[in-house]
Amino acid sequence: MIMKHFDLFYKFVHGELEESELWEFRKKLSSDPVMASEFEQFNQIIQSNKQVGKLEVLDTLNAIHQQNEQPVLRKLFIGYYKVAAAAAIILLSAAAFWFVQSKNSDANSQLYAAYFTHENSMFTVRSTISNLEQPVIQGIQYYELKDYNAAVEMFEKAPANLLAKLYGGLSYMELEDFDKAKQLFQQIIQHNDNLFIDQSEWYLGLCQLKTNNLDEAKLIFEKISKDNSIYKTKAQKLLTEM
Amino acid sequence: MVEKKSLFSSDDIVKGIISNDRKTLNYVYKAYFSKVSRFVQECYGTREDAWDVFQEGILSLIDAVNKDGFELRQSFGTFFVTICKHIWLIQLRNRGQVDVTRLDHIDIPQNDEDELAVNYRQNAQLRIFNRHFRKLDLECKKLIRSTMKNLSGKEMAERLNISSRENVYKKRRLCLEKLFNMIINDPEFNKINDYEAF
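From first to last, the protein sequence lines stand for chains A and B.
Just so you know, the first sequence maps onto residues 1 to 242 in the numbering used here.
Just so you know, the second sequence maps onto residues 1001 to 1198 in the numbering used here.
Just so you know, not all the hints are guaranteed correct.
[To be verified] Computed cross-link-like contacts, SDA-like style, restricted to lysine to any residue with a CA-CA straight-line distance of at most 20 Å:
hint, chain 1, residue 1, chain 2, residue 2
1, B, K1141, B, S1164
2, A, K50, B, I1018
3, A, K210, A, L145
4, A, K11, B, E1166
5, B, K1178, B, I1128
6, B, K1191, A, K234
7, A, K4, B, D1012
8, B, K1170, A, D7
9, A, K234, A, L195
10, A, K157, B, I1128
11, A, K4, B, N1185
12, A, K157, B, E1071
[To be verified] Chain A regions said to be covered by chain B (calculated; three or more residues, Cβ under 8 Å):
hint, stretch
13, 45-52
14, 145-157
[Unchecked claim] Cβ-Cβ distance ranges computed for the label pairs, FRET-style:
hint, chain 1, residue 1, chain 2, residue 2, range
15, B, N1066, A, K223, 54 to 64 Å
16, A, P33, B, S1009, 28 to 38 Å
17, B, S1075, A, W23, 54 to 64 Å
18, A, I189, B, R1047, 40 to 50 Å
19, A, D193, B, D1068, 51 to 61 Å
20, A, T233, B, K1191, 50 to 60 Å
21, B, S1075, A, M1, 39 to 49 Å
What the hints contain is simulated information worked out from the structure, not anything from laboratory work.
Virtual Cβ for every residue (Gly too), placed ideally from N, Cα, C.
If we strip away everything but chain A, and leave its shape as in the complex, we get (with noise of 0.2 Å):
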């Protein structure tokens, strides 16, 4: 179901009804029962959205409810970041096996998608965890539930915070939104003084592979190759397959 007159009602609100439209829409409003129902119903929202005070309260309170909701994903956030990081570790290798094991196309996007995955949080934020602004912590468990959009506004609430714009930038790369990812992992990049580098390069180095940028992406992939990075040897053969 759709409402069938979403564009003569949001014109009308908004006063860019013609003279002799507006009359035509008055006329027709009291002539069409299913129109009134559904001019009625388009009000009633409208009121909603006019209710700023509740619905942030209302925001606070979902925020607090999923948290709350969330009891064993906290635990093991505070608690097991070992358990954690041996699984990113074994997930990272199960990919990087992957990759050898299949026969890779040229296709840019298909490079990505195989070298692309799912960052695990816990793996990243052990040695920061105790430190955390609170926003960052309630963006990492929205990234973790695969909710990109709501952890992307609430790292955008700690815009200092290098670790949201690390889960800032790879929640944009799942939201495929690939040139503010780019600009965060630049900006950790460029802060130079920071555990997220490694990571940072290398997403950087997958942004520019997809958005089709092969000389900066080559360009990433080989200071990778070179450095004492953790993604050396998967830069090593990306790089091959190029």
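Put chain B on the given structure of chain A with help from the hints.
Below, chain B alone, put in the same frame as chain A:
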């Protein structure tokens, strides 16, 4: 880790809710959601129903408090849980699946209707609006919220990094249309027109 018991007065709680204070809302959630949930589940509902009721309870409380001359004559907890119980009974009646006379044995203190002065239907609509709003992508959320905050098209274009004012309007219209269609397809929204104060 054992959490320290928070010591909020009823007035503190009411002020905290009105000002969207996370610490207060967190306290209210921890202290009362389980009670509301238990009641709802004992009366033919689910935990999800209880969460809907809890949200509407908070919205109703805001309505009541915003009324001129509001005075809390009982403890916050008693007042709030009673509101939630009323809301659940209204919802049950509205669903028409349960004979609410079978719930007559349940002891629900009557709140003074003047004291409450809430619009249950409007709050239920607001909760449903929020449910679908949360499903929108980030840009749509920002566009719609910016409209609520009366930002001009130019301001929205600058803040949201959208190329032109025309594109802002075009995107906003599409976002709203998407949201409206999600809401009108929600079966609960269509039932809510019969929603009345209990």
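Going down the list of hints, with the structure as the test:
About 18 Å separates the Cα atoms of B:K1141 and B:S1164, which keeps this hinted pair within 20 Å; it holds. For the proposed pair A:K50 and B:I1018, the alpha carbon gap of about 16 Å is at most 20 Å, so the pair holds. Straight-line distance between C-alpha atoms of A:K210 and A:L145 comes to about 24 Å, which puts the hinted pair past the 20 Å bound. A hinted pair counts as satisfied when its Cα atoms are at most 20 Å apart, and A:K11 with B:E1166 qualifies at roughly 14 Å.
Restraint check: the Cα-Cα separation between B:K1178 and B:I1128 comes to about 14 Å, which is no more than 20 Å; the hinted pair holds. Distance hint between B:K1191 and A:K234 is unfulfilled; the C-alpha atoms sit about 56 Å from each other, more than 20 Å. Taking the CA atoms of A:K4 and B:D1012, the gap is about 47 Å. The hint is violated against a cut of 20 Å. For the hint linking B:K1170 to A:D7, the alpha-carbon distance of about 11 Å falls within 20 Å, and the restraint holds.
The straight-line distance between the Cα atoms of A:K234 and A:L195 is roughly 19 Å, inside the 20 Å bound, and the hint therefore holds. Simply put, A:K157 and B:I1128 have alpha-carbon atoms about 26 Å apart, too far for the 20 Å limit, and the pair is violated. Of the supplied pair hints, the one linking A:K4 and B:N1185 holds, its CA atoms being roughly 13 Å apart against a limit of 20 Å. A distance of roughly 36 Å separates the Cα atoms of A:K157 and B:E1071; the hinted pair therefore is violated under the 20 Å criterion.
Counting residues of the stretch 45-52 of chain A whose beta-carbon sits less than 8 Å from any beta-carbon of chain B gives 7, enough to reach three: the coverage restraint holds. Check on the stretch 145-157 of chain A: 4 of its residues sit with their Cβ under 8 Å from a Cβ of chain B, so the three-residue criterion for coverage holds. For B:N1066 paired with A:K223, a C-beta distance near 59 Å keeps the hint of 54 to 64 Å intact. Take A:P33 and B:S1009: their Cβ atoms lie about 52 Å apart, and the range 28 to 38 Å is violated.
Between B:S1075 and A:W23 the Cβ separation comes to about 57 Å, which falls inside the hinted range of 54 to 64 Å. Checked against the hint of 40 to 50 Å, the pair A:I189 and B:R1047 passes, with Cβ atoms roughly 45 Å apart. At about 57 Å, the CB distance of A:D193 to B:D1068 agrees with the hint of 51 to 61 Å. Roughly 58 Å separates the CB atoms of A:T233 and B:K1191, a value that falls within the hinted 50 to 60 Å.
Under the hint 39 to 49 Å, the C-beta atoms of B:S1075 and A:M1, about 45 Å apart, fit the expected range.
Hint check: violations occur at hints 3, 6, 7, 10, 12 and 16; the rest are consistent with the structure.
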